[in-house]
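Undergrad: So you can see what is in the structure, the chains are spelled out below.
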Amino acid sequence: MKYILSVLVCFLLINNLKAQERYLTKQGTISFFSHSPVEDIEAINNQVLSIVDLETGDVAISILMKSFMFEKSLMQEHFNENYVESDKFPKAKFKGKILDAENLENKSKVSIEGDLTIHGITKKVKVEAAIEIDKDSVVLKGVFTVLVADYEIKIPSVVKNNIAKTIEITFSLNHKKIK
Amino acid sequence: MKLTKRKKIGFALLVVGVLIIALALSQYYKPHIDVYNANPDIITNATDLLYEYENDEELANKKFLDKIIQVNGQISKVEASENNDIILTIKNQKDGFGTVICNLSTKENKKLINLKEGQIVSVKGICTGYLMDVILVRCNVVNN
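Going down the list, the sequences are from chains H and B.
Numbering of the first sequence is given in the working numbering, commencing with residue 1 and proceeding in unit increments.
Numbering of the second sequence is given in the working numbering, commencing with residue 1001 and proceeding in unit increments.
Please note: incorrect hints may appear among the correct ones.
From the derived model, a few chain H residues whose C-beta atoms are all more than 12 angstroms from chain B [to be verified]:
| no. | residue |
| --- | --- |
| 1 | Lys-107 |
| 2 | Lys-124 |
| 3 | Ala-130 |
Residues from chain B shown here face chain H by an in silico Cβ test under 10 angstroms; the list is partial [claimed, not checked]:
| no. | residue |
| --- | --- |
| 4 | Leu-1014 |
| 5 | Ile-1021 |
| 6 | Gln-1027 |
| 7 | Pro-1031 |
| 8 | His-1032 |
| 9 | Ile-1033 |
| 10 | Asp-1056 |
| 11 | Glu-1057 |
| 12 | Lys-1062 |
| 13 | Leu-1065 |
| 14 | Ser-1081 |
| 15 | Gly-1129 |
| 16 | Leu-1131 |
Derived pair list, reagent style SDA-like, types lysine to any residue, alpha-carbon separation capped at 25 angstroms [said to hold, decoys possible]:
| no. | chain 1 | residue 1 | chain 2 | residue 2 |
| --- | --- | --- | --- | --- |
| 17 | H | Lys-123 | H | Pro-37 |
| 18 | B | Lys-1062 | H | Glu-77 |
| 19 | B | Lys-1030 | H | Lys-176 |
| 20 | H | Lys-72 | B | Ile-1087 |
| 21 | H | Lys-154 | B | Lys-1091 |
| 22 | H | Lys-123 | H | Lys-72 |
| 23 | H | Lys-160 | B | Lys-1077 |
| 24 | H | Lys-176 | B | Ile-1087 |
| 25 | B | Lys-1062 | H | Phe-89 |
| 26 | B | Lys-1062 | H | Phe-70 |
| 27 | B | Lys-1116 | H | Asn-174 |
| 28 | H | Lys-88 | H | Glu-77 |
| 29 | H | Lys-141 | H | Ser-31 |
| 30 | H | Lys-72 | H | Thr-29 |
| 31 | B | Lys-1030 | H | Pro-37 |
| 32 | H | Lys-165 | H | Arg-22 |
| 33 | H | Lys-88 | B | Lys-1063 |
| 34 | H | Lys-93 | B | Ile-1087 |
| 35 | H | Lys-126 | H | His-78 |
| 36 | B | Lys-1110 | H | Asn-161 |
| 37 | B | Lys-1110 | B | Tyr-1036 |
| 38 | B | Lys-1063 | H | Phe-33 |
| 39 | H | Lys-88 | B | Lys-1110 |
| 40 | B | Lys-1030 | H | Lys-141 |
Since the hints were derived computationally from the structure, they do not count as laboratory data.
From the three backbone atoms N, C-alpha and C, an ideal C-beta is built for every residue, glycine too.
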């Protein structure tokens, strides 16, 4: 009985230690940018949910497509209704790992590899990010590109020239330690 | 002066052309929904809204997505976003993990001074869905 108890206590302690290495933000920022000769389109999402575990290097990010704010309401409408079909696919997700997650405190750049799901389609991506670890915060920042066609997002030929084939995605995630 | 038939047709085409361009431009520059002056589609409180989302997200999405929702509840956190807009977190009164996160529109920034933790507020905004929390955007504080 004592043995079981001590194992249990140990387990709880380990669990606790691990839990302390988790950092979370509900107000991360992800924006995207499409450049074309006709027009530039930009949208920003300030409600990114992201969790990073420094112990394991796990990163999990969730965003609502409808939280992307556009300058023009027509663009936002087309984005949600025609392109990403956000009623059918309300969320985009990333689930991955920081590669070589040892001694992260001493690193300023990391590679993160994982599955990115947009519009119900999942693709492997590898992203470079700047990392900044402080006493109770972990900041991840970076830029990467995705191909619109990879995620089976159909752009009607009428506006083909208005929307870039490659979209630039910028992220800035300021995680705070989970207490 | 009598217009020839050709001139009449030309003139009509011109009018139609201008109308089409005007319509296209007004669509292109159509403003965002003015939450401030709009009547809410649904009035509820944070606890009930969260309950519906935690119970059946898909069903709740059908009911709330893109709707203007007025949520009553108690502020648990007042923060600033990266571009300095106010973010209000409204508590779930039952024991629950989730909250309602309201991103206030920039116009509301001057109200910051009147917003405090623990205060009961009524916030109106557009529902964009549920992650760990229900999220409302373009919000404005109805009474404070």
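Undergrad: None of the hints should be skipped; say for each whether it holds.
TA: Going down the list of hints, with the structure as the test:
With a closest Cβ-Cβ approach of about 24 angstroms to chain B, H:Lys-107 is found to remain outside the 12 angstroms limit, as its non-interface label requires. Under the 12 angstroms C-beta cut-off, the non-interface status given to H:Lys-124 relative to chain B holds; the minimum distance is some 23 angstroms. H:Ala-130, annotated as away from the interface, keeps every beta carbon of chain B farther than 12 angstroms; the closest lies near 16 angstroms. A hinted interface residue such as B:Leu-1014 counts as satisfied when its beta carbon comes closer than 10 angstroms to some beta carbon of chain H; here the least separation is about 24 angstroms, so the hint is violated.
Interface hint status for B:Ile-1021: violated, as the beta-carbon distance to the closest one in chain H is roughly 15 angstroms, over 10 angstroms. For B:Gln-1027, the interface hint holds, since its Cβ comes within 10 angstroms of a Cβ in chain H; the closest pair sits about 6 angstroms apart. The interface hint given for B:Pro-1031 is met, as the beta carbon of that residue sits about 6 angstroms from the closest beta carbon of chain H, less than 10 angstroms. A cut of 10 angstroms between beta carbons decides the hint on B:His-1032: the least distance to chain H is about 4 angstroms, and the hint holds.
The interface hint given for B:Ile-1033 holds, since its Cβ lies 7 angstroms from the closest Cβ of chain H, which is under the 10 angstroms cut-off. Hint status for B:Asp-1056: violated, given a least beta-carbon distance of 14 angstroms to chain H, over 10 angstroms. With a cut of 10 angstroms, the hint placing B:Glu-1057 at the interface with chain H holds, because the nearest CB-to-CB distance is about 9 angstroms. At a threshold of 10 angstroms, the smallest CB-CB gap from B:Lys-1062 to chain H is about 9 angstroms, leaving the interface hint in force.
Using the Cβ-Cβ criterion of 10 angstroms, the hint placing B:Leu-1065 at the interface with chain H is satisfied: the shortest such distance is roughly 7 angstroms. Contact between B:Ser-1081 and chain H, as hinted, is supported at the beta carbon level, the nearest pair being about 5 angstroms apart and thus within 10 angstroms. Of the supplied interface hints, the one on B:Gly-1129 holds, with its beta-carbon coming within about 4 angstroms of a beta-carbon of chain H, less than 10 angstroms. The interface hint given for B:Leu-1131 holds, since its Cβ lies 4 angstroms from the closest Cβ of chain H, which is under the 10 angstroms cut-off.
Pair hint H:Lys-123 plus H:Pro-37 does not hold up; C-alpha atoms about 28 angstroms apart against a cutoff of 25 angstroms. Taken as a hint, the B:Lys-1062 and H:Glu-77 pair is honoured in the structure, with Cα atoms around 17 angstroms apart against an allowance of 25 angstroms. A hinted pair counts as satisfied when its Cα atoms are at most 25 angstroms apart, and B:Lys-1030 with H:Lys-176 does not qualify at roughly 39 angstroms. For a cut-off of 25 angstroms, the pair hint linking H:Lys-72 to B:Ile-1087 stands: about 22 angstroms separates their Cα positions.
Of the supplied pair hints, the one linking H:Lys-154 and B:Lys-1091 is violated, its CA atoms being roughly 40 angstroms apart against a limit of 25 angstroms. As the CA atoms of H:Lys-123 and H:Lys-72 are separated by approximately 29 angstroms, the hinted pair breaks the 25 angstroms bound. Distance check on the hinted pair: H:Lys-160 and B:Lys-1077 sit about 44 angstroms apart at the alpha-carbon level, beyond 25 angstroms; violated. Restraint check for H:Lys-176 and B:Ile-1087: the C-alpha separation of about 16 angstroms stays at or below 25 angstroms, so the hint holds.
Restraint check for B:Lys-1062 and H:Phe-89: satisfied, since their Cα atoms lie roughly 12 angstroms apart, inside the 25 angstroms limit. Pair hint B:Lys-1062 plus H:Phe-70 holds up; C-alpha atoms about 23 angstroms apart against a cutoff of 25 angstroms. This hinted pair checks out: B:Lys-1116 and H:Asn-174 have alpha carbons roughly 24 angstroms apart, not beyond 25 angstroms. Distance hint between H:Lys-88 and H:Glu-77 is fulfilled; the C-alpha atoms sit about 14 angstroms from each other, no more than 25 angstroms.
Annotation: proposed proximity of H:Lys-141 to H:Ser-31 holds, straight-line Cα distance about 12 angstroms (limit 25 angstroms). The straight-line distance between the Cα atoms of H:Lys-72 and H:Thr-29 is roughly 19 angstroms, inside the 25 angstroms bound, and the hint therefore holds. Between B:Lys-1030 and H:Pro-37 the CA atoms are separated by roughly 22 angstroms; this keeps the pair inside 25 angstroms, and the hint holds. Under the criterion of a C-alpha separation no larger than 25 angstroms, the hint pairing H:Lys-165 with H:Arg-22 is inconsistent with the structure, at around 36 angstroms.
For a cut-off of 25 angstroms, the pair hint linking H:Lys-88 to B:Lys-1063 stands: about 14 angstroms separates their Cα positions. Between H:Lys-93 and B:Ile-1087, the direct Cα distance comes to roughly 23 angstroms. Compliance with the 25 angstroms bound is thereby established for this hinted pair. Proximity of H:Lys-126 to H:His-78 is assessed by CA-CA distance (about 28 angstroms); at most 25 angstroms being required, the pair is judged violated. The hinted pair formed by B:Lys-1110 and H:Asn-161 fails the criterion: a straight-line CA distance of about 41 angstroms is larger than 25 angstroms.
Between B:Lys-1110 and B:Tyr-1036 the CA atoms are separated by roughly 15 angstroms; this keeps the pair inside 25 angstroms, and the hint holds. The straight-line distance between the Cα atoms of B:Lys-1063 and H:Phe-33 is roughly 31 angstroms, outside the 25 angstroms bound, and the hint therefore fails. At most 25 angstroms may separate the alpha-carbon atoms for a hinted pair to count; H:Lys-88 and B:Lys-1110 exceed this at roughly 37 angstroms. For the proposed pair B:Lys-1030 and H:Lys-141, the alpha carbon gap of about 33 angstroms is over 25 angstroms, so the pair is violated.
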